[in-house]
Structures are given as structure tokens and as C-alpha cells.
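Turn these sequences into a full structure, and let the hints guide you.
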Amino acid sequence: MRLRIGPTELWPYAHGLRIVRAQNWRKRMRITRRLALSAAAAAPFIRSAAAQESWPNRTVRVIVPWPPGGSTDVLCRLLCEQMQQKLGQSFVLENRPGAGGNIGADALAKSAPDGYSMAPLTLGAWHINQFLYSKLPYDPQRDFQPISMHWELPNVLVVSAQHNPANNFQEFVAWAKAQRGGISFGSPGVGTTAHLSGSLFVNRLGIDGTHVPFRGAAQIIPAMLSGDLTCAMDNLASYVPVIQEGRMKAFAITGPERWPTLPNVPVMAEVGVSDFVVTSWCAMAFPAGVPSAIVDRAAATMREIGQDPAMQQRFLRAGASCVWSTPADVRARVERERPMWREVVRISGAKLD
Numbered sequence: 001m002r003l004r005i006g007p008t009e010l011w012p013y014a015h016g017l018r019i020v021r022a023q024n025w026r027k028r029m030r031i032t033r034r035l036a037l038s039a040a041a042a043a044p045f046i047r048s049a050a051a052q053e054s055w056p057n058r059t060v061r062v063i064v065p066w067p068p069g070g071s072t073d074v075l076c077r078l079l080c081e082q083m084q085q086k087l088g089q090s091f092v093l094e095n096r097p098g099a100g101g102n103i104g105a106d107a108l109a110k111s112a113p114d115g116y117s118m119a120p121l122t123l124g125a126w127h128i129n130q131f132l133y134s135k136l137p138y139d140p141q142r143d144f145q146p147i148s149m150h151w152e153l154p155n156v157l158v159v160s161a162q163h164n165p166a167n168n169f170q171e172f173v174a175w176a177k178a179q180r181g182g183i184s185f186g187s188p189g190v191g192t193t194a195h196l197s198g199s200l201f202v203n204r205l206g207i208d209g210t211h212v213p214f215r216g217a218a219q220i221i222p223a224m225l226s227g228d229l230t231c232a233m234d235n236l237a238s239y240v241p242v243i244q245e246g247r248m249k250a251f252a253i254t255g256p257e258r259w260p261t262l263p264n265v266p267v268m269a270e271v272g273v274s275d276f277v278v279t280s281w282c283a284m285a286f287p288a289g290v291p292s293a294i295v296d297r298a299a300a301t302m303r304e305i306g307q308d309p310a311m312q313q314r315f316l317r318a319g320a321s322c323v324w325s326t327p328a329d330v331r332a333r334v335e336r337e338r339p340m341w342r343e344v345v346r347i348s349g350a351k352l353d
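Sequential numbering of the sequence shown, starting at 1, is according to the numbering used here.
Everything labelled a hint here was simulated from the structure, so no lab data went into it. Be careful, since some hints might not be right.
Calculated cross-link-like contacts (lysine-lysine; reagent style DSSO-like; alpha-carbon spacing at most 27 Å) [what the hints assert, rightly or not]:
1. K135 x K351
2. K351 x K110
3. K110 x K135
4. K110 x K177
Okay, here's the thing in C-alpha cells:
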């Protein structure tokens, strides 16, 4: 006898099968949703890791906000030579001078945040210029992503050996005070550390001094050597060669201690001028928004370069200390020094529109 089961008898089983299938479908959907959410969460890390692994895979543009031949340009070339060797891609410098470094800084701020535009930014871009100019084309706190400290150096008081009779700091001060009509001092531009420290110097010493802005040390040095400019208190790096050649005389350094390659030049405190320590520094930066993995790789490469004893010696010979830091360290230093430079700018009376 054959057992026959009709549709009516099968219905309870079919209904149960549909329930099981629905439960299985919902389970698969939950798994699929979890996988999708996990993949979405992991995507930024995957992209970041891929960016770090592949960067740089083409030429990196390095915007230098100062003219060729100045300290920022010279020291940036030393760094980029090493970056190129270690990362296997070209780092091509593009000089964009003018407006106290604002033209180059603005060019960086408006660059694509892809890791293929970077710049050596000095104190002006990080905080001084915001106190000089009524309005900046960029926001120094918002538009830049620090990479690492690059260099630090003091300023040096120099005169032409051919056109100035003084042989030391005291003789120069006495000679400068005796000049009818005063003296002139040059700088790479209004609001630079050379301008501000020069203004403080003539103010503190009671010297009648007139500030003459140039477009960089490449213009200041010929003006002094020709006798058209009295002196400068500018970044040491630009002047080491002409000092060592004997074409210029160095009377004092604004650092806390004597410079290793110029051991006979005293610091300001040693010549009787207390509380006069002024150092310039520079930090490499990307525009804001560059992936953190690229920032980390660039910073790690700069750390490797900065720790190289041979590189440290090359920077010293050029007149600067080769330094490195984390991106966070750069931001902390900017915040720490901002009040000091606001006050120095106020004292100098400098103001630009």
C-alpha cells in the first residue's frame, strides 16, 4: 500500500521550511552587513597603508618661500638631496620669494593635499607674519601640516671688512653711535628675524639705525661688500663662507653659546648685551589634509637624516644645526613661542597691510 500525501498534508512542513529558510537568510544578511561594516571601517587604514607604502611614486615639489642662495634655500637643498637618495624620487625646488615668505607659504596652503607639495616654513609663516599683516592669505594654524623640524640657527652681526674700521663689537658700537645720520642694517624683509633682531639691537644700544629690506642674503651681501649697507644681523648660514674668507667681520652671535665653526665669535651675552638670544628655525610642512601615513613616512625619513652624524656636520659647516622632531613637537613649539614674537613685533613697530 502506497502512502499518498497531498498538498494539505504537506503544508505544515512547507511552512516550517520557509521559516528555516527565512531565518537562514536573515542570518546571512547579518553576516554580510557585519562584513560590509568591517570593510568600510578598515578602508581608511588600507588606503593609508597603501599611501605610505607607495609614497612617493613621482616627483615631489618643494616650494621655497625665499630666494636662491639664502639660508632657507641652501639648507633645503641639503635635505632634499638626502630625501631623494632615501626615497628614490626627485625632490625639485621651486623658489617663490616675496612678502616675507607669504607668497611661498600661500602656494603651499593652496596645494593639493596629496603629499607631492611641501615647503620649508620659517618663523614668519608659523607665527610672526600674523602679527605683521592685517590679513594673511592663509591661516597658519589651519592650513599647514607639520612634518618635522628642519634646522635651527642664530643670527650674526656682520660688517664689510673693507668698509668698516671696527675690529670688535665694542669698537663697532662706538663707531656706529658716532655716525652722523646713523647707520643702515639690512634684512631679507620686514618682519623677518633679521629685521626684528636688528631693530632690537639698535634700540637696546641707542644707535640711530635705518632698516633696509632686501629679497634675501644674496642681495644683502653684495650691498655690504660694496659699501652701500653698513651691517646686518642675519641668519648665520648665509654668511659663514664670506666670514671665513675674511671679506666680512663677525662681531657677535645671537645664540646661547658660541658656534662650533666660528669659535672666536662671541655671543651677545659675552659682549655685554644680556637677554638677547634670538634663534631662527625652520620646519618642513605639507598642506593640511595630507594622509597621516605619508606624513609619518616623511617625518621618519627626516629623523633618519637628522640623526646622521655626517649630515649634522654638513649643516654645521653651512651654519645651522640639523634638527628633527615629531609633527606634534612643531605645533607645540609654535604655540609656546607665539606670545614672545607678538611682543617683539610690537616693540619693533613693524606693520604691513
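Status of each hint after checking the structure:
1. The straight-line distance between the Cα atoms of K135 and K351 is roughly 11 Å, inside the 27 Å bound, and the hint therefore holds.
2. With a C-alpha separation of about 25 Å, the suggested pair K351 and K110 falls inside the 27 Å cut-off, and the hint holds.
3. Straight-line distance between C-alpha atoms of K110 and K135 comes to about 16 Å, which keeps the hinted pair within the 27 Å bound.
4. The suggested pairing of K110 with K177 is violated, with an alpha-carbon distance near 47 Å, which exceeds 27 Å.
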